[in-house]
Amino acid sequence: MKSPQDLIRFLLPVAVFAAGLVLWEAIVRTYGIQPYVLPSPLLVLKTLVADWPILSQSLGVTLLTTLEGFVAAAVGGVVLALLFNQSKWLEYSLFPYAVVLQVTPVIAIAPLLLIYLQQQTAVIVCAWIVAFFPVLSNTTLGLNSVDRNLAGLFQLYGASRLQTLLFLKLPAALPYILGGLRIAGGLSLIGAVVAEIAAGSAGAGSGLAFRIAESGYRLNIPRMFAALLLLSLAGIVIYGLLALVSHLLLRRWHESALGKES
Amino acid sequence: MGPAPPHPALRADLSPVGRGVPRGTIALSHIQPSMIESIVPETDASGPAVRLRGVTKTYDSGVAALGPLDLDVKSGEFVSLLGPSGCGKSTALRIIAGLAAPSTGTVELAHHDTERRGSHRIGFVFQEPTLMPWATVRDNVRLPLKLARAPATDAEMRIDAALDQVGLAEFAGAYPRELSGGMKMRVSLARALVTDPDILLMDEPFAALDEITRFRLNNDLLTLWRDLHKTVIFVTHSVFESVYLSERVIVMTARPGRIGAEFRIASTEPRGEEFRTSAEYAAFCREVSHALAPSYAGQAGA
Chain A
2 MKSPQDLIRF LLPVAVFAAG LVLWEAIVRT YGIQPYVLPS PLLVLKTLVA DWPILSQSLG
62 VTLLTTLEGF VAAAVGGVVL ALLFNQSKWL EYSLFPYAVV LQVTPVIAIA PLLLIYLQQQ
122 TAVIVCAWIV AFFPVLSNTT LGLNSVDRNL AGLFQLYGAS RLQTLLFLKL PAALPYILGG
182 LRIAGGLSLI GAVVAEIAAG SAGAGSGLAF RIAESGYRLN IPRMFAALLL LSLAGIVIYG
242 LLALVSHLLL RRWHESALGK ES
Chain B
10 MGPAPPHPAL RADLSPVGRG VPRGTIALSH IQPSMIESIV PETDASGPAV RLRGVTKTYD
70 SGVAALGPLD LDVKSGEFVS LLGPSGCGKS TALRIIAGLA APSTGTVELA HHDTERRGSH
130 RIGFVFQEPT LMPWATVRDN VRLPLKLARA PATDAEMRID AALDQVGLAE FAGAYPRELS
190 GGMKMRVSLA RALVTDPDIL LMDEPFAALD EITRFRLNND LLTLWRDLHK TVIFVTHSVF
250 ESVYLSERVI VMTARPGRIG AEFRIASTEP RGEEFRTSAE YAAFCREVSH ALAPSYAGQA
310 GA
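For the protein sequence lines, the chains are A and B, in the order given. Letter 253 of the first sequence, counting from 1, is numbered 254 in the numbering used here, and no numbers are missing. Letter 173 of the second sequence, counting from 1, is numbered 182 in the numbering used here, and no numbers are missing.
These are computed hints drawn from the structure, not numbers from a lab. There may be inaccurate statements among the hints.
Unchecked claim - Ranges of calculated distance between the beta carbons of each label pair, as one might list FRET restraints:
id, chain 1, residue 1, chain 2, residue 2, range
1, B, Y68, A, L95, 48 to 56 Å
2, A, P106, B, A183, 47 to 55 Å
3, A, L46, B, A183, 50 to 58 Å
4, A, V76, B, R285, 58 to 66 Å
5, B, T67, A, L84, 30 to 38 Å
6, A, R10, B, G176, 26 to 34 Å
7, A, L249, B, A183, 13 to 21 Å
8, B, R285, A, D148, 46 to 54 Å
9, B, D219, A, Q6, 44 to 52 Å
10, A, G236, B, D169, 44 to 52 Å
11, A, Q6, B, E187, 24 to 32 Å
12, A, S257, B, A178, 54 to 62 Å
Said to hold, decoys possible - Sample of chain A residues lacking proximity to chain B, with all beta carbon distances greater than 12 Å (derived):
id, residue
13, N150
14, S216
15, G217
16, L250
Don't be surprised by glycine CBs; every beta carbon is placed ideally from N, CA and C.
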């Protein structure tokens, strides 16, 4: 908070949030709306505390799935982009299928995957499918965005392919890769949730998305809201963490991480 | 100023670089004798550091960008290629460096006689500083040595020396974005010098700098050239810069670029700020400008 302007920018959304909650609470109380129709914010909070053992366990399951999907997407996306960069033939052969995977809605693929794969595997694969494409396309873009003269310099000094990759292309692509990872973080959570809901209807699972579906069937609406709140917070934390990592890695040299004053 | 003593490494014979298509005997008829206003008379005992014969460059689109070009640059000589934008002077430099292949013709460079790891026959300075933004000044200068896997202790010494030469020793730990345009160019120069090249190729390196900074870098470059006895080929579109720096100015014609005229800048005064305002300097500039004028003929806005 450097200036009053910054303070206002921080306080305004907080004020809107608080006002929204107060209004919500007031409406529920005024009209005596039943919790199975619309629970009040206070009730949601109470449920969150009361159901914490079960919800926290589910949160752990979903986060683990998300993490596994994210790591698979990050590694898979970057490795695939590197392979494409080294071999045009490989890129021509496989890239269309990457696009196909990307444009086919994952909610439609999930039931199929659940037939052929073990549930835990299927969930991770779903998270991977949703999240790997931005990593792949951003990394590809980054690897192709190398300064032409710098590439010439590497050529002049007889750099090997590996040296060019390690000392030129990867560092040059890093800001793009990190941008892709930031998108992939949120998407792998979405992939995990979609797969859990699809799997939940198949009868097993204990992730947060499964809790939401289950609570829906049981008209336990307060718990639905509580689980939704946790999912939302998880998404924010994931994004924040990845943004922080990106900032720490780029702050010394990349425009995107520099303050406006410099 | 007398001719610089030849670099010991350049006494060896010429070795073909193995680029381009050898064409055997090249007809020189395309350069009419009347076009050559002044031929450099002295020839050094050591052979040319760079020899181009019948070099042309035609793009895939069919546009002839360069040549045919015949050029000999003596070891230790400072030569400027002067010409309008698009005359192919940068292309010529890239061909000499091996960054582009000539469509026809041959390029020969003097044998680079050293076993030292991380030594390189050519240093190249681009118009842009072309630094790695993610690396410190020191790491940027280290790049050629790192690529050649030069021994670490030797590399550190050479980096220190190169940074000293360009006056940036105190900024070794800085990142490029923290430096001014002139300082970035100095880093680029240090990176070219760190391999102890025989030939320094410079592609309009100071074109984007303000005048004061450019003058300072001109003077520093001259000092380095005198001290280090490099062969320098300097591409520029500035008559004043070419006359100020060079022993020989080669004026190129409009596309496809050929040699339109050659001048030996045999000044009696030492190069320095005094020279910039001397009558002799003005006379050279007038002469060179006059020779350059036809290259701009027919161009819009010329």
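Item to complete: Mind checking the hinted window 50 to 58 Å against the Cβ distance between L46/A and A183/B?
Response: Given range 50 to 58 Å: holds, Cβ gap about 51 Å.
Practice prompt. Please confirm whether S216/A is truly not at the interface, meaning its C-beta sits more than 12 Å away from all C-beta atoms of chain B.
Written response: Holds: least Cβ distance 48 Å, greater than 12 Å.
Practice prompt. Evaluate the given range 24 to 32 Å for the C-beta pair formed by Q6/A and E187/B.
Written response: holds (27 Å)
Fill in: Q6/A and D219/B - C-beta distance against the hinted 44 to 52 Å
The hinted range 44 to 52 Å is violated for D219/B and Q6/A, with Cβ atoms some 35 Å apart.
Item to complete: Could you tell me whether the CB distance from R285/B to D148/A stays inside 46 to 54 Å?
Response: Distance hint for R285/B, D148/A is violated at roughly 34 Å.
Discussion item. Quick check: does the Cβ-Cβ distance between V76/A and R285/B fall within 58 to 66 Å?
Written reply: This hint holds: roughly 60 Å between Cβ atoms.
Item to complete: Beyond 12 Å from every chain B Cβ: check whether that's true for N150/A.
Response: About 4 Å separates N150/A from the closest Cβ of chain B, which leaves it inside 12 Å; violated.
Fill in: Outcome for the supplied range 54 to 62 Å, where the beta carbon pair is S257/A and A178/B
The hint (54 to 62 Å, Cβ to Cβ) is violated, given that S257/A and A178/B are roughly 31 Å apart.
Worksheet item: Falls inside 47 to 55 Å, the C-beta gap from P106/A to A183/B?
Response: Given about 50 Å between the Cβ atoms, the range holds.
Practice prompt. Using the beta carbons of Y68/B and L95/A, state whether their distance is inside 48 to 56 Å or not.
Written response: violated (32 Å)
Worksheet item: Holds or violated: 13 to 21 Å for the Cβ distance of L249/A and A183/B?
Response: holds (19 Å)
Worksheet entry | Consistency of beta-carbon spacing, L84/A to T67/B, with hint 30 to 38 Å | holds (35 Å)
Comparing the model with each earlier hint shows violations of hints 1, 6, 8, 9, 12, 13, 16; every other hint is respected.
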